[in-house]
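Number of protein chains: 4
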Amino acid sequence: MSVRTPDPNPGWLPEFALDETRARVPILYVEAVPVRVDALGQVESIGILLRGSSTTGVMSRTLVSGRVMHGESVREALIRNLLKDLGPTAFPQLPASTVPFSVAEYFPLPGVTPLYDERQHAVALAYIVPVTGECNPRQDALELTWLTPEEAASPAVLDEMEGGRGSLLREALASVGALPR
Amino acid sequence: MSVRTPDPNPGWLPEFALDETRARVPILYVEAVPVRVDALGQVESIGILLRGSSTTGVMSRTLVSGRVMHGESVREALIRNLLKDLGPTAFPQLPASTVPFSVAEYFPLPGVTPLYDERQHAVALAYIVPVTGECNPRQDALELTWLTPEEAASPAVLDEMEGGRGSLLREALASVGALPR
Amino acid sequence: MSVRTPDPNPGWLPEFALDETRARVPILYVEAVPVRVDALGQVESIGILLRGSSTTGVMSRTLVSGRVMHGESVREALIRNLLKDLGPTAFPQLPASTVPFSVAEYFPLPGVTPLYDERQHAVALAYIVPVTGECNPRQDALELTWLTPEEAASPAVLDEMEGGRGSLLREALASVGALPR
Amino acid sequence: MSVRTPDPNPGWLPEFALDETRARVPILYVEAVPVRVDALGQVESIGILLRGSSTTGVMSRTLVSGRVMHGESVREALIRNLLKDLGPTAFPQLPASTVPFSVAEYFPLPGVTPLYDERQHAVALAYIVPVTGECNPRQDALELTWLTPEEAASPAVLDEMEGGRGSLLREALASVGALPR
Chain L
1 MSVRTPDPNP
11 GWLPEFALDE
21 TRARVPILYV
31 EAVPVRVDAL
41 GQVESIGILL
51 RGSSTTGVMS
61 RTLVSGRVMH
71 GESVREALIR
81 NLLKDLGPTA
91 FPQLPASTVP
101 FSVAEYFPLP
111 GVTPLYDERQ
121 HAVALAYIVP
131 VTGECNPRQD
141 ALELTWLTPE
151 EAASPAVLDE
161 MEGGRGSLLR
171 EALASVGALP
181 R
Chain D
1 MSVRTPDPNP
11 GWLPEFALDE
21 TRARVPILYV
31 EAVPVRVDAL
41 GQVESIGILL
51 RGSSTTGVMS
61 RTLVSGRVMH
71 GESVREALIR
81 NLLKDLGPTA
91 FPQLPASTVP
101 FSVAEYFPLP
111 GVTPLYDERQ
121 HAVALAYIVP
131 VTGECNPRQD
141 ALELTWLTPE
151 EAASPAVLDE
161 MEGGRGSLLR
171 EALASVGALP
181 R
Chain B
1 MSVRTPDPNP
11 GWLPEFALDE
21 TRARVPILYV
31 EAVPVRVDAL
41 GQVESIGILL
51 RGSSTTGVMS
61 RTLVSGRVMH
71 GESVREALIR
81 NLLKDLGPTA
91 FPQLPASTVP
101 FSVAEYFPLP
111 GVTPLYDERQ
121 HAVALAYIVP
131 VTGECNPRQD
141 ALELTWLTPE
151 EAASPAVLDE
161 MEGGRGSLLR
171 EALASVGALP
181 R
Chain F
1 MSVRTPDPNP
11 GWLPEFALDE
21 TRARVPILYV
31 EAVPVRVDAL
41 GQVESIGILL
51 RGSSTTGVMS
61 RTLVSGRVMH
71 GESVREALIR
81 NLLKDLGPTA
91 FPQLPASTVP
101 FSVAEYFPLP
111 GVTPLYDERQ
121 HAVALAYIVP
131 VTGECNPRQD
141 ALELTWLTPE
151 EAASPAVLDE
161 MEGGRGSLLR
171 EALASVGALP
181 R
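Residue numbers (our numbering), protein chains in the order written: chain L, 1 to 181; chain D, 1 to 181; chain B, 1 to 181; chain F, 1 to 181.
Hints in this document: simulated from the structure, not taken from any laboratory. Glycine included, C-beta positions come from ideal geometry on N, C-alpha and C. Treat the hints with caution; some may be incorrect.
[Said to hold, decoys possible] Here are the computed distance ranges between Cβ atoms for each label pair:
no., chain 1, residue 1, chain 2, residue 2, range
1, B, P155, L, V58, 24 to 34 Å
2, D, G52, B, F91, 50 to 60 Å
3, L, L147, B, T148, 22 to 32 Å
4, D, A156, B, T148, 51 to 61 Å
5, B, D38, D, W146, 41 to 51 Å
6, F, A39, D, R181, 26 to 36 Å
7, L, V58, D, A39, 48 to 58 Å
8, L, P110, B, T148, 21 to 31 Å
9, D, E143, F, S53, 49 to 59 Å
10, B, P155, F, P14, 51 to 61 Å
11, F, A23, B, R36, 16 to 26 Å
Generate coordinates for the entire structure from the input sequences, incorporating the hints supplied.
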């Protein structure tokens with residue numbers, strides 16, 4: 001599927017080129033909500049990433065997320081970012097269809113839309129992804145916690161989600177019939 | 001999820017009662033297209049059931065299909081019919097959402113709509129279901145064959161599908177970006 | 001599309017036959033959330049039906065809802081019930097696809113699932129339907145109120161929804177990116 | 001919804017900057033399949049754009065398509081491109097949800113994937129959009145023809161679609177239950 005030239009870092013951009021590009025076009029992302037499902041496919045728990053800032057010490061929560069690189073397919077970007085954030089033994093089950101449950105639009109100014117990203121205008125294709133293996137984030141500052149739908153939808157958790165992703169998380173829960181009252 | 005009374009044959013109906021009911025209301029079905037997917041979630045092959053008529057000897061092809069019983073949830077009906085048609089070691093991965101890729105409407109007269117079922121007016125919720133295990137249909141007259149998208153979409157196969165399900169199979173392929181030219 | 005015989009009351013069932021059928025199979029419904037959208041398609045307000053009980057005087061809220069009759073297509077059932085509940089000048093814009101935003105499962109016992117219907121086991125295909133005309137419910141006891149997403153998602157409204165439909169209404173709002181915090 | 005600065009040509013890029021950007025990241029597009037629907041929402045005809053090359057005289061067919069500009073929402077990009085290609089009196093009915101029927105991935109090399117775009121790696125969110133008004137493409141070289149599903153799915157038409165969009169058109173037809181045999 002990929003048409004990448006055999007570049008050692010395909011699609012990668014130096015910082016100045018990425019900054020320049022972010023000022024010109026919306027940047028395409030994929031985003032994934034990792035879930036554990038029971039034998040009937042019903043969502044039992046949701047994997048939320050916990051990130052500690054090394055400078056401020058403030059904790060924030062987020063979803064699996066990353067850019068689609070130049071020459072990379074949406075499926076390739078999805079699996080690459082899942083492996084990056086959940087580790088090589090997560091065994092994510094990618095959806096048979098690339099139609100997302102939501103198209104998440106992030107604008108640079110907070111308050112204009114529920115979702116924002118001060119770095120850029122980003123558009124993310126968001127997917128629910130069941131994982132069956134063990135998850136071990138490879139980055140030191142990252143931890144994965146499994147929450148029940150009730151815990152995930154609690155105001156305490158939603159408010160800690162980066163970039164207003166609490167609204168995206170609620171859409172994810174609603175799309176699988178797991179949004180609690 | 002189920003609210004079944006502990007009936008030994010829950011939701012089961014004697015033949016006369018089923019016939020009477022079929023003349024009164026549309027009957028709700030679930031239908032599943034079993035697929036094998038690669039590591040990126042892309043559909044590689046499609047499982048089609050081959051049924052030999054014991055009386056006529058004519059072969060026909062079909063999908064996993066069955067009624068939703070009274071008191072049974074859609075997910076329960078889906079797993080029950082998958083196990084019935086694919087055997088206990090198929091390990092189907094039920095979707096996290098019960099939204100189908102298509103609502104298939106079968107009317108009793110062939111020719112009026114692409115889909116028909118001479119026994120009844122039936123409405124089926126149709127799902128793509130990846131299976132990871134070994135499939136062994138439990139009924140003697142049934143055999144499962146794995147076809148590539150190209151084979152599955154060939155006129156020879158589509159024409160053999162029971163009740164006009166060739167059109168439903170093509171919708172299934174299109175919904176996962178696997179409909180060949 | 002319909003294959004109805006020219007019955008004066010097609011699909012209609014006498015009370016005893018309907019009761020008998022309800023004890024045998026899940027009954028198929030369609031359900032619609034009428035919405036007003038702006039020029040960009042964004043949902044601005046949601047039409048909720050207000051029903052006053054003639055005997056108890058208690059008010060309850062509900063969505064457009066009705067059975068799919070024998071021989072009737074899902075689209076025909078949808079337009080018939082929209083016209084019944086919103087009147088002949090509502091001008092509903094039926095979706096191009098019959099794939100619902102949710103499959104709503106109602107069981108007879110409250111508390112088992114969020115949705116319940118004491119009369120029966122019902123399965124409803126639920127759709128968002130923009131309406132552009134004037135809505136005048138034909139039944140005396142029925143009134144339509146247009147609520148903003150914020151009003152519709154308020155606990156006061158959600159709690160008044162019949163059969164636990166507050167959860168379905170929240171799924172509807174989430175599916176169009178209009179679920180407020 | 002927009003967070004555009006009051007730039008006279010918001011999101012517009014000079015040719016050299018666009019070329020540079022196209023070599024760095026996938027470019028986000030929206031794509032629309034204009035349709036006429038009957039009172040039940042069923043698709044009756046599909047609007048295909050016919051483009052005559054001024055230099056070669058060769059005719060090609062395409063869908064409504066255009067970039068999502070920096071600072072522009074998906075809905076804004078959709079309406080802007082619909083008005084650009086269909087004229088101001090088309091009265092497109094934008095979908096209530098921004099979830100596309102397909103995520104169309106175009107790579108620069110023909111043959112690698114069904115869809116290709118020699119200028120760039122592009123990812124398009126594709127929507128079915130009913131239009132109720134009169135369509136008059138504003139560009140001289142463009143003409144809109146309304147085809148039945150049977151005509152649109154004919155090999156002659158599919159083969160003339162730019163960038164392999166015949167496969168996307170077939171997915172569009174399948175998603176609304178209008179893909180003919």
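For each hint, the structure was consulted:
no.	hint	result
1	B/P155 <-> L/V58: 24 to 34 Å	holds, 31 Å
2	D/G52 <-> B/F91: 50 to 60 Å	holds, 52 Å
3	L/L147 <-> B/T148: 22 to 32 Å	holds, 30 Å
4	D/A156 <-> B/T148: 51 to 61 Å	holds, 55 Å
5	B/D38 <-> D/W146: 41 to 51 Å	holds, 48 Å
6	F/A39 <-> D/R181: 26 to 36 Å	holds, 33 Å
7	L/V58 <-> D/A39: 48 to 58 Å	violated, 36 Å
8	L/P110 <-> B/T148: 21 to 31 Å	holds, 22 Å
9	D/E143 <-> F/S53: 49 to 59 Å	holds, 53 Å
10	B/P155 <-> F/P14: 51 to 61 Å	holds, 53 Å
11	F/A23 <-> B/R36: 16 to 26 Å	violated, 44 Å
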